[in-house]
Amino acid sequence: MKEQWRLLKTGYNTAAMNMAIDRAVLVASSKDMVPPTVRFYGWSPPAISIGYFQSLKEEVDLDNCNKLGVNYVRRITGGGAVFHEDELTYSIIIPESHKEIPNNIMDSYGRICGAMIKGLKELCIQSKYVPINDIITDGKKISGSAQTRKLKTVLQHGTILTDVDVDKMFSLLKVPDEKIKDKLITDVKQRVTSINHILGRKIGFEEVAAAMKQGFEKEFNVELIEGSLLEEEKELASEFERECFGAKDWNHRR
Amino acid sequence: MQSRSIYKVPNGKLLKILLEYDTKKNTINEIKIMGDFFAYPEEAIEVMEKELQHTTLDENCIMEKIKLVIKENNIEFIGLNIEGLTKGILMCKK
Numbered sequence: 133m134k135e136q137w138r139l140l141k142t143g144y145n146t147a148a149m150n151m152a153i154d155r156a157v158l159v160a161s162s163k164d165m166v167p168p169t170v171r172f173y174g175w176s177p178p179a180i181s182i183g184y185f186q187s188l189k190e191e192v193d194l195d196n197c198n199k200l201g202v203n204y205v206r207r208i209t210g211g212g213a214v215f216h217e218d219e220l221t222y223s224i225i226i227p228e229s230h231k232e233i234p235n236n237i238m239d240s241y242g243r244i245c246g247a248m249i250k251g252l253k254e255l256c257i258q259s260k261y262v263p264i265n266d267i268i269t270d271g272k273k274i275s276g277s278a279q280t281r282k283l284k285t286v287l288q289h290g291t292i293l294t295d296v297d298v299d300k301m302f303s304l305l306k307v308p309d310e311k312i313k314d315k316l317i318t319d320v321k322q323r324v325t326s327i328n329h330i331l332g333r334k335i336g337f338e339e340v341a342a343a344m345k346q347g348f349e350k351e352f353n354v355e356l357i358e359g360s361l362l363e364e365e366k367e368l369a370s371e372f373e374r375e376c377f378g379a380k381d382w383n384h385r386r
Numbered sequence: 002m003q004s005r006s007i008y009k010v011p012n013g014k015l016l017k018i019l020l021e022y023d024t025k026k027n028t029i030n031e032i033k034i035m036g037d038f039f040a041y042p043e044e045a046i047e048v049m050e051k052e053l054q055h056t057t058l059d060e061n062c063i064m065e066k067i068k069l070v071i072k073e074n075n076i077e078f079i080g081l082n083i084e085g086l087t088k089g090i091l092m093c094k095k
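As they're listed, the protein sequences go chains A and B.
Residue 133 is where the first sequence starts when you use this note's numbering, and the numbers rise one by one after that.
Residue 2 is where the second sequence starts when you use this note's numbering, and the numbers rise one by one after that.
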């Protein structure tokens, strides 16, 4: 019998709550309260997440975010700033000691991205993993991921773009040199793609989620059983939302 | 004096350094190490920033200090390395 992992589909949440849920599941997993967990989610309102080491005010145009009703949040993972709007976001939370997870961090990025690559294949999209943390199709980025390891537990989350609005993204992100902003926008438009663009049709969240579920099941030879957050996880998530990801101290700390 | 640098680490990520240093003593007062790189454990970057205080702004001194902090805290960088971090810091020197 195949090993059973938990699948969480938590729908659309605020940026602070999304990051709080991932962290709450990490804590629950570290206490053996839950099986390895794969989560699919979206962002409402749209949001910018920045990497742990980034400076919020240097990376994000906070005035424009407020004007456009876009959330912003600092992640517990490293990596770069991401604009979350039309995408499926995934996370996987699993003990570091699990036999399917390589000890080597770079190897584990590749392994987990393998699930996304198999998921994209379900949608007839051929793609490959490009270290450090990207998946590309036809030479363009379609997915990016970030991983942390805490409490002997791996948390990797990332995006699979269903659509992309580069102009809007750059109205929310700051660039080091305003003089080259137009060139940067042109470059990014040439380097980033989305499922909608490749398939030539609008894909729904559920269709992407179904494909990614199969991708995870095939990559790790497991069965994903849809479940829900434990009460303890919900309480922890509320606490992290209030005291960490929704708090100025955390988001403005760098 | 306050200074900053932006350095794309070869085959790595974008490193941004914010540095306040003593021009007379040639030592670091305060440093912020920022960017889209990865470091494990993440919180160790704050230890690195603290440990770099009072370090002489000299390639060997900085590199040795970084190596020591990495060893003591078991830090793993991805998209950043000792040479890149050292270079980013020294680029702030005017």
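To be clear, the hints were calculated from the coordinates, so they are not data collected in a lab.
For glycine and all other residues, C-beta sits at the position ideal for the given N, C-alpha and C.
Hints are not guaranteed to be accurate.
Reference listing, derived: stretches of chain A covered by chain B, where coverage requires no fewer than 3 residues with Cβ under 8 Å from a Cβ of chain B [claimed, not checked]:
#, segment
1, 143–155
2, 277–287
3, 345–353
In silico DSSO-like links for lysine-lysine, alpha-carbon gap of 30 Å or less [what the hints assert, rightly or not]:
#, chain 1, residue 1, chain 2, residue 2
4, A, Lys380, B, Lys9
5, A, Lys321, A, Lys311
6, A, Lys313, A, Lys282
7, A, Lys282, B, Lys25
Some chain A residues close to chain B (C-beta under 10 Å, calculated; not the full set) [as the list claims (entries may be wrong)]:
#, residue
8, Gly212
9, Met301
10, Gly359
For each hint, the structure was consulted:
no., hint, in the structure
1, 143–155, "violated (count 0)"
2, 277–287, "holds (count 5)"
3, 345–353, "violated (count 0)"
4, A:Lys380 to B:Lys9, "29 Å, holds"
5, A:Lys321 to A:Lys311, "18 Å, holds"
6, A:Lys313 to A:Lys282, "37 Å, violated"
7, A:Lys282 to B:Lys25, "41 Å, violated"
8, Gly212, "3 Å, holds"
9, Met301, "15 Å, violated"
10, Gly359, "29 Å, violated"
In summary, the numbered hints that this structure violates are 1, 3, 6, 7, 9 and 10.
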